[in-house]
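Since the structure of chain A is already known, use the hints to place chains B, C and D on it.
There are 4 protein chains.
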Amino acid sequence: MNKFTKEVMSVGEMASGAKLTVPVYSFKSENNSAASVYIQANMHGAEVQGNAVIFQLLELLQHCDLRGNITLVPYANPVACNHKNGEYTLGRFDPITGVNWNRMYHFNQSMIQPFAEQYLDANEADIRDDFKRFLVTELDQKLAHNIWGITTGQRIAYQLQRLAHQADIVLDLHTGPISSKHLYCPEYAQASAEYFDIEHTILIDNDFGGAMDEATFCPWWSLQQAFEKLGRNFTMGKGAFKRESFTVELGSQEQIDLDVAKEDASSILAYLHSQGVIDNQQYQPKAMTRYACYLKDYKAIYSPMGGMVDYLAEFGKPLAAGEPLARILRMDNYGDGEALHNVSVDEDVIPILHFASASVNQGTELYKVFCNYFKL
Amino acid sequence: MNKFTKEVMSVGEMASGAKLTVPVYSFKSENNSAASVYIQANMHGAEVQGNAVIFQLLELLQHCDLRGNITLVPYANPVACNHKNGEYTLGRFDPITGVNWNRMYHFNQSMIQPFAEQYLDANEADIRDDFKRFLVTELDQKLAHNIWGITTGQRIAYQLQRLAHQADIVLDLHTGPISSKHLYCPEYAQASAEYFDIEHTILIDNDFGGAMDEATFCPWWSLQQAFEKLGRNFTMGKGAFKRESFTVELGSQEQIDLDVAKEDASSILAYLHSQGVIDNQQYQPKAMTRYACYLKDYKAIYSPMGGMVDYLAEFGKPLAAGEPLARILRMDNYGDGEALHNVSVDEDVIPILHFASASVNQGTELYKVFCNYFKL
Amino acid sequence: MNKFTKEVMSVGEMASGAKLTVPVYSFKSENNSAASVYIQANMHGAEVQGNAVIFQLLELLQHCDLRGNITLVPYANPVACNHKNGEYTLGRFDPITGVNWNRMYHFNQSMIQPFAEQYLDANEADIRDDFKRFLVTELDQKLAHNIWGITTGQRIAYQLQRLAHQADIVLDLHTGPISSKHLYCPEYAQASAEYFDIEHTILIDNDFGGAMDEATFCPWWSLQQAFEKLGRNFTMGKGAFKRESFTVELGSQEQIDLDVAKEDASSILAYLHSQGVIDNQQYQPKAMTRYACYLKDYKAIYSPMGGMVDYLAEFGKPLAAGEPLARILRMDNYGDGEALHNVSVDEDVIPILHFASASVNQGTELYKVFCNYFKL
Amino acid sequence: MNKFTKEVMSVGEMASGAKLTVPVYSFKSENNSAASVYIQANMHGAEVQGNAVIFQLLELLQHCDLRGNITLVPYANPVACNHKNGEYTLGRFDPITGVNWNRMYHFNQSMIQPFAEQYLDANEADIRDDFKRFLVTELDQKLAHNIWGITTGQRIAYQLQRLAHQADIVLDLHTGPISSKHLYCPEYAQASAEYFDIEHTILIDNDFGGAMDEATFCPWWSLQQAFEKLGRNFTMGKGAFKRESFTVELGSQEQIDLDVAKEDASSILAYLHSQGVIDNQQYQPKAMTRYACYLKDYKAIYSPMGGMVDYLAEFGKPLAAGEPLARILRMDNYGDGEALHNVSVDEDVIPILHFASASVNQGTELYKVFCNYFKL
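Residue numbers (our numbering), protein chains in the order written: chain A, 1 to 376; chain B, 1 to 376; chain C, 1 to 376; chain D, 1 to 376.
Next comes chain A alone, as it looks inside the complex (with noise of 0.2 Å):
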């Protein structure tokens, strides 16, 4: 049985001096000749069925045959995940400033060039290494004592990104509002995205936005176009380049369920497997068809009006033009005016996921869709 360490980060304190801490544990490999992992959950505060996987998969590694070494990372965001508001947790971005908690990662895209032309002909294993050791760097630097200060978002971001620098593999866990299992995926990973137990997958382009997934792979794609445009060419995806970073979109926000939890974490080692992290044939994807649109086909649909929705269109279905998605009641208007409104969009899409409560003011945002998608 494997054995796992656990340590406590320090991530934060609070205005009475409470210290919000976060509980890593990590499985080391004896023969490391694999990848390395990286996972977190609850970036978000309500996202918390990801804290559910990585209890299966702290139950099920232990009798892994592990190849690589995988570091675990529950509860990533304790200022997020204890912040209720009413009987809800406010999920997405902290409650002073209203930035994104997961758009705080650190990307210097300045430092790229440099670097390629610096190592443009260095051996690969020292690129790689090197290159490690400079992301870590930059983040060390960030958050030493610093006269000005960074924010309370940056801290803990920056803090996470430094262990996931350190892996080849990164997956962060998110859930949606109300929403179905879909997938993040970088364009170059596509094929990786058949081993998960996931139908939807949205594939990224290599433009960084702040979040994890992007901080992790945005670099090392930028350092091989940089690379490329000095006449070095490297494949994302293997060798040195060998990153892939997921966001994985566990269904609802607002709920924990161990027995799905269980399922989502038998999916993960079957990706771990087809890596190589592990060596345990039971794990394997399955059979079923899996769609897939590019981030630009991936589209919000925002309310025409304020009302109380009722929402329709089934996920993961396609839904053909013209048909409702949702219909929006608007007792004030009955009587005088329409109650009812359907809303529909005049394209083909999938619905992936909605808006968390029925009350919504004109220009929430109701759903998100596929257009323009296509089987893997």
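Since the hints were made in silico from the structure, they are not lab data.
As the structure is a computational prediction, the values presented were derived from the model and not from experiment.
Heads up, some of the hints might be wrong.
Note that identical chains are pooled: a pair holds if it fits in a single copy or bridges any two copies.
As the list claims (entries may be wrong) - Okay, derived cross-link-like pairs now, DSS-like style, lysine-lysine, Cα gap no bigger than 25 Å in a straight line:
id : residue 1 : residue 2
1  : K299      : K142
2  : K19       : K6
3  : K368      : K142
4  : K142      : K296
5  : K299      : K317
6  : K317      : K375
7  : K262      : K28
8  : K28       : K132
9  : K3        : K262
10 : K142      : K132
11 : K6        : K28
12 : K229      : K242
13 : K132      : K242
Only chains B, C and D this time, still in chain A's reference frame:
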């Protein structure tokens, strides 16, 4: 086809001067021989399904054989139903003061005894009419210009209560957080609980706590008791004391479902048919086993620890003493403590509802359950 | 120099498992002849100045001549003091339930009469010691394992109240929203109000509403009254019934000022000197005109309209009937209505505090004022 | 006496169907020879003082000698100004999404180059008129029916920006949290900063971040630069490129003071007189030392720890390197650590504003200060 009228009642003003209004729908019966009815929904912001039920009642009542007047008020509390906090609606209390919106209705116990003394020998119709007028006038005085003013919630509550006091039957449509359907019913009206398609009923005493149902039956019940002490006997629920008030809990908050709303509307029509308010044989209660308990036996279980909850117990299904209601995940204890903790109680219960989120503090209400329950 | 001890009391757990703790500082007097004292601060999240006062008390008490034991508890409610909502601290209530944090203390009125009967002929020292023990034991039983649990706020309140019940004098340090200094004082302890450097005192009756001050003097006052009915007379504030509890309102919330805190600490020391708890002549109350009113005459004015408020009335200065307290700006009415609206009352008042924000709904509490005030 | 017209613009709908509207006041000059002006207030919910300034401007402008048209919009964002969270107004961001309300204006950089090419030889008046029309049309298209919809904040922002684009001078009235007065001014308009009675000016570059001021000057500045690259030179601030946009920070949020508002209105009239929009010699800027710094030198200091802050540094007064800005109280450390911690920086600064609350998390923004400042 019955016609209804629609009025707009102003219930508040926001900082920008925006006026908040409530639509009031009224059916007048030509042969107004039966009891009159008041139905409202959405006093708590997140409890929106009642609006859909009122939509369906408006659709159905136009085709009923009406024998009593019916007033219907959706969006009863626009301050609350428009108040978003993160993605959710801040449901239960004034965001400025914390006071529960359904604890601000009015009942002046001290006026009961003098009224009973004054009307000891009056005829029943005069007692009914004058007491009704008395209740309405008291509210009018509070609402009229008053140099010290009244609170935001009182202004809303009193205006709704003015309408309710003019009816004989009051239905206040609510929902639980995540919840099965259940009914709050005054003990004397227990027989009426069997006309609703609701399996679980809480029987409540003559104890005013500020809610709409109590605010509309406690004055009458107190008056009946005062007369009784003075030697004149009336029966609650009969003749001049034909008053029934229910809080109807329609299921879970933050959801609108128009199809389920149609079923709930039919259930309400079955009750109204039983009371002679409509004369439509097609509305009959469904056969089902109905359970009840007294309010003192409707108990909350508070979380013994902070953590993330996997709610296990099914709503409405008796649970044996010692069986787990929920298990609480505590990842921070994984590896060096207990990561999973079962919550149970040492008596048989029927779970009715649970908290809206998986994330709880130590002391958050987890479940509400029936103890010492019995069949109706 | 007096030494103090420091303990850490655990008062709650958040969803991540984070433990919330409160520091408890204690001075033990060698010749413990005088009354013992309990002082706490920051039960409401935004009311932070009391922490600075406790800082200054800790600095000063080390150099005093102590005659009684003193316990000091800053950050009494870390759940509340860490709860940000936007830039501000959500002050007054549990963000999940809306219940005011200072309405959750315990007092079981039904235990008074049996105790008085049982101790009717007991000596005074036994009455004092056994009743104190009785009060503490009741809380211990509530806090000990209880299958149904207690709420988040009760757990905090009961642990603080356990400490307070062991003292003879209780000071609960609060602030208003935007406020002058004022004092809540039980009617029987009116003489003590003159030892604080606070110009305005509200005299309160023996009516338990859930607050810390009431929770620590009402049991003793009720007991004294029960004995009186049984024919045995004690004087509140003397001998075994030497109990004084005050809520000290230090000014405005959301502010820390260490210099002002030093003045407030001196004022508290002047009171403690007057009670013989310290023997330090240098701490004397300042000469000032002190006004008081009864709690029933401490009245709120609720806004007659939504709008934006220019608060005009100065705190602490008598305002003649009809003079404006505030004017409300309603730009939406400019040009076709009244853009400015004065708020006044028709009796003489002393304004004590006003709402924390210029933006109000119709029905928001604007000012609190003394009516029927008199000089102490 | 000049007459104004008043219109009501609908900017949003809430869940209850409540419509949110904004009053729009317009003065039309008979001899419309001068620049036209757009002034708005209260885009951030808690920043209410600008409404009082618009009140005073409406009072004063009726008696001015008008040479240009002036549009004034108070309560620009009723969603935000009506959103209470506890006692305060949730100021800066959409409570559902966290997006800063003043980061949702529109600027399409990609349209600049084609326009410049097309109008390379056009006359100046055509460039001005057609570009203005172009900017407005783009917004009209976004606001018109669009099957995917736009966000709540975009709908508000675009409607305001439509009005602003039609003017030559734009003043967006804001406040800081707790703050001195200061001015955001485009670098090319530096000379105009001396007409405001505001001691501190931040000079900003042509870098669009989503705010109203940038949204109205960046298109013109970008166009001027595009023409310059094509060989045709215009001067920003002159002729067709007479565009000035300022964010005027009026002091602290959550306050209305009509007397101070009158001073601020006079200051704005002094600026308008300097631009020829009114011809009233009595409005002249006050003599004062005015300081400025570039936006890159307007720096935030983030709290190095959680705690409660005694803000020490005075606004507007140069503070030597190493002098404390604030001291942070940490009562949990009293007796066995450092209870007071000074915060300072190692260069000379002018403090401009600080955080709204004493309670801060590690990483909360404490102060904003001018570095490398200079006299205007």
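Hint check:
1. K299 x K142: between (35 Å within a copy, 16 Å between copies)
2. K19 x K6: both (18 Å within a copy, 19 Å between copies)
3. K368 x K142: Cα proximity of K368 and K142: across copies only (20 Å, versus 35 Å in one copy).
4. K142 x K296: between (32 Å within a copy, 18 Å between copies)
5. K299 x K317: This pair counts as within: shortest intra-copy Cα distance 16 Å, inter-copy 42 Å.
6. K317 x K375: within (13 Å within a copy, 43 Å between copies)
7. K262 x K28: Within one copy only: 22 Å inside, 56 Å across.
8. K28 x K132: Within one copy only: 19 Å inside, 57 Å across.
9. K3 x K262: Within one copy only: 20 Å inside, 55 Å across.
10. K142 x K132: within (16 Å within a copy, 44 Å between copies)
11. K6 x K28: within (12 Å within a copy, 41 Å between copies)
12. K229 x K242: within (20 Å within a copy, 44 Å between copies)
13. K132 x K242: within (12 Å within a copy, 51 Å between copies)
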